[in-house]
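Residue numbers (our numbering), protein chains in the order written: chain A, 563 to 1022; chain B, 8 to 396; chain C, 590 to 985.
Since the hints were made in silico from the structure, they are not lab data. There's no promise every hint is true.
What the hints assert, rightly or not - Listed below are several chain A residues computed to face chain B (Cβ distance under 7 Å; list not exhaustive):
| id | residue |
| --- | --- |
| 1 | 710 |
| 2 | 714 |
| 3 | 749 |
| 4 | 774 |
| 5 | 778 |
| 6 | 1006 |
Think of the CB as a built atom: it goes at the ideal place given N, C-alpha and C, for glycine as much as any other residue.
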Amino acid sequence: MIVAKDYSIELDVIEGNPTLKALDDVIIKPIDERPSKKFNIVLSITVTLLLILAVCVGFTFYFGIGLWGNNQPVAWAFDITNFVFWVGIGHAGTLISAILYLLRQQWRNGIARFAEAMTIFAVICAGMFPIIHMGRPWLAGYLIPYPNSHLIWPNFISPLVWDVFAVSTYLTVSLVFWYVGLIPDFATLRDRSTNKIKKTIYSIFSLGWRSSNRHWKHYEKVYMILAGLATPLVLSVHTVVSWDFAAAVIPGWHSTIFPPYFVAGAIFSGFAMVSTVLIFVRTVFNMEHIITIDHIEKMNKIILLTGSMVGYAYVIEWFMSWYSGTPFELFTAMNRAFGPYAWAYWIMVSCNVFSPQLFWFKKIRRSIPITLLIVILVNVGMWFERFVIIVSSLNRDFLPSSWHYYKPTIFDFGILLGSFGLFFTLILLFAKTLPVVSLAEIKSVVKGAQPDHRGGNHNA
Amino acid sequence: MPDKKLFGITALFDSPDSILNAAKKIKEAGYKNYDINTPYPIHGMDDIISAKPSKLSYITLFIGFSVAAFILSFMWWTLAINYPLVIGGKPYFPLPAFVPITFEFTVLLGVLSTVFGMIAIAFNLPYNSHPLLDTEYMRNVTSDKYGAIIEAEDPQFDEKKVKDYLMSLGGNSIESIYQPEEIKFKVFEPKFLIFLTIVAVLSAATTYISIDKLMYITPFDFMLNQKKGSAQAESSFFTDKYEMRQPPVGTVARGFLLYEFIRVADTNQFYGNPLLPTKKVLVLGQSKFLTFCSPCHGDYADDNSRLMAQFPPGPTLHSARVISFTDGKIYNIITNGQNVMPSYDSQITREERWSIINYIRVLQRAQNPKPSDFTTIKEFKKESGNVQN
Amino acid sequence: MSKIESGYIKKELPKNIGNIGLILLVVGIILSLIAYLTDPARAAFSYLTAFIFFICIGLGSLFLVTLEYAAGAVWSVPFRRISEFYASSVPYYILLVIPLFFSMHNLFTWMNPGVVAQDKVLQGRMVYLNVPFFVVRESAIFLIWWLFYALLINNSRKQDESSDQKLTAKNIKLSIAFIPIFAFTISIISFDWMMSMTPKWFSTIFGVYLFAGSTWVALAVLTLSAVLLAENGYLSPKVKRDHYYSLGTLMFAFTVFWAYIAFAQYMLQWYGNLPEEIIYFIHRWTGGWKYVSLALVIVHFIVPFLILLPRSSKTNPKILVFVSIWIIAAQYLDSYWLVMPDMVNNGFTYSFSWIDISFPIAVAGLVIVLFNSMVKKHNLIPLGDPKLQRSFDFHL
């Protein structure tokens, strides 16, 4: 039975009415406890995947890119697909931390810390790929503009160099933003801990934070500036990544809608991954009252919105490939849907366009098992979207005599699987060492957290 | 217990309303040196205690614009001034292509400068030891209670009065905070110096060993010992042991015209002179003749040369024999050499050789003019109005 | 909420405003008619510019209304009715487009059979770009917009009396249905009326470009009206300067968003330098258009960006009014830049003419007249909206 909604009342962000101390206890509990057996089992699985990554990357460094399936003309395949995939996943974190903060959406407070951590780990996974896909990764330093013996500078006109700046800026800013959010929490941990080593570490990282109003004043200003700068940054990073493709003149790549299309797709896949992880976290750590079904529902609405934006872009690209009158464009569109990679195309369309449309229905939005299924499908679909864009356009471009089918090798799969291992290992380690919910932020939105006489709400 | 210096008196409050109220009262009571500590920012606190707004945003603004200008100039200098390259047909300073990097770098430096500003200015690193740290008050205030502290420095401070006042506001757990003992660290402490030395030695040693020794050991020398053929080395691949190869027989380099009579002194046919005796050709021919030919043959191609005294002297080019040579034969002689004269094909380009031959013909004509030449010269001089004869 | 609780007093706008609007409208119509009679081809282009601008305001305002419903925004509730009033121009599109249908042959190269016969690309598009399909398509779109406008506004007005929350729920559903339809229809409008003027050109982001500009100018007219009305007591005393903050922030955000979309479009086509794509920008860089393009960057992006950057500007009524007027003018410049340089495609040479002033005068007059008549008939704040109290409680 669906109860009619009352729009005149403010919804609570956190369920129940936990005291501040109770919040502290439930959030810090995983950090204080020794890892459980289940945790160790899951960790060993992810570390195994991580080892697979290390082994495959090691082999790649020693023997070269020939171990992968890349050929001419498909010179970019799994490597760049994975790169764009992971960078895209990172975007949800910054969106939740920065953009939802600027939009005064208080429900973000329970999920921001975890999402930001996921951003950083996803960008680490992503940043690995441009380096390992080089023929001579030990010369990666040449991408940085420093005076060198060749007397030559990096090509600042190339989108690949823009990528270097964009992704490293994104990693740095995300780290800084995450760290600034952690400072008050480190102070809380410092004051709670009794273990001497832990206390020293927390003291160092908390920078002498005293929760003084003088500090909060500067802190809030800086947080606002960071959020305001991180917002255009996150949009620009995936824009620059999209320009890796759009700046080329290959049909299927050279399309002006790529920047907003990729950004929408990034938010889409990022939110899907955040949902996937948070569904597990809230149950495992008993935080269902902090990360509520309302939050999951709101995230599903955003997934629906961005999924529809991606669908819009698909339709416009289809239409424009016909409208342009260029036979190459039309062929590429046909080739994607009916050519040798048609199987990948239809997986992509069904996962990206059809499955999130189920979120129109409130019952499905509020059902955890179906949500979990849909968001996993979305991630699969978004991986395939990058795969289709890259491989099908390269596989058959202008000259038919150059066409060549691409088949991934075991090392391609190993690196893809291993990158998930890296990501989830980092997440598990994070969950056990740092508070997964921002203590200061969540306390500030509990009912009764703000003085009454100021009245009402700050909710937008 | 030694007489510790009092820093201030703290009080804890249980609700955000009570702390807001307390802050208002403390301000109204005229206290200046006080602070409020809460686990999260309380709305309205800034207005109540009339805190001046944070000026950190000016750092962001200033650094942001400076960095944008800097990075744009840097990219302009590297790609338009220092090592100009035409890339993709774009101009040396393609502004649309520089925008993404400018934006990213501006955001990066803006963020870093703001955060460092906050840490340096607001948190007062590295001198962040503070009497409130590691107290029961702090333990509560970072967790779930709200606190106020009135510092001893305040002109109105009186220990008993302040304690009573705070209690009257509704505070509990009134605590006296003392200044911690000052521990001074000497810079020239022996332990520290030893530590510095060890670190210095270790880093120097590591750097030296890795750059100067490690790079030459397998497998790190893989870039030094590459499986490729070096031009001067012995080849294990080719049977004649030469790494440098000759071009295949019969190939001709691009733009190169074959001279079929190379190293052939006497043939039946010769090439014809492709150059007409224009002024340009003759000027070139004169200059090259004077450079290469005049030492042996003389400035005027007679035998009055600088080598006159040597044996054998360079012959005169005005003999009937030489006049009867075709241009092509002279070309062949210059290219292949003859008797004592060496081959000049590596010193004089083909165009220059033909020009020299044209000049030689001029010299020959000058020495053995036809009678009609004089009339021609007289008429030319009359026409051009040249009085001087 | 009752009028007493909200502090809202219904009053008419000063007589001057209605009069000015009427004068502008009549003068504008007369001048436009003269323009059509003297130089129909030129008039067609000017009319198209003005028409696109007019759509931006009306449709953009309708979008803002649906955005508030869909996002569940609270701060904007007192202002929603103002956007509804601006959206009241939506039903008139179907009428106002008729002169354009009659002068289409001046605007579009694909209507010229001689040109089409020689160009393979245009022949390929004939199944989409032909007069019957074109007319039907545009009319259908305008009718769909009219339908949504009518349903949404009807529910909103009914709620003033009944305060029935079911109406809000209905409007939320309508809004969520409208938004994807809006996305596709505004794209089709932009492709049909503007993109097709340059024969071989195409850009997949063009619909988003028009969307950005349209929402931007809708925010500007909203801010201008909201601030002036609030400061002069036409809304409720409970509407505070804090409420203006989000208007200012949104205008700032869309300034940046427009610049981002415009730059993405320009940079990619500049970078690829393909003949079929770059012709669009070459037309906008030759002769005097170079200066207009540069002016557009400064006027449409740099100036509003710098003005709206500080936090204090976004709650300062004087600055908000100034920058709103600036933005409205800037968006007209954008519409001008989108339409006018394409005159060369059909063989016309461009030169600035008085005709370009006559149509905007008519548009300004029409907007003011419509708004004024709405204020006379309906409440300026949605009294029955359940979120109104929460909105009055809102503060930064």
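Hints and how they fare:
Proximity of residue 710 of chain A to chain B is violated relative to the hint, the smallest CB-CB distance being about 11 Å (cut-off 7 Å). Interface restraint check: residue 714 of chain A against chain B, minimum CB-CB distance 6 Å, threshold 7 Å, status holds. Interface restraint check for residue 749 of chain A: the shortest CB-CB distance to chain B comes to about 5 Å, inside 7 Å, so the restraint holds. Hint status for residue 774 of chain A relative to chain B: holds, with the closest Cβ pair at about 5 Å, below 7 Å.
Annotation: interface hint on residue 778 of chain A holds; nearest CB of chain B at approximately 4 Å, less than 7 Å. With a cut of 7 Å, the hint placing residue 1006 of chain A at the interface with chain B holds, because the nearest CB-to-CB distance is about 4 Å.
Consistency note: the structure conflicts with earlier hint 1 alone.
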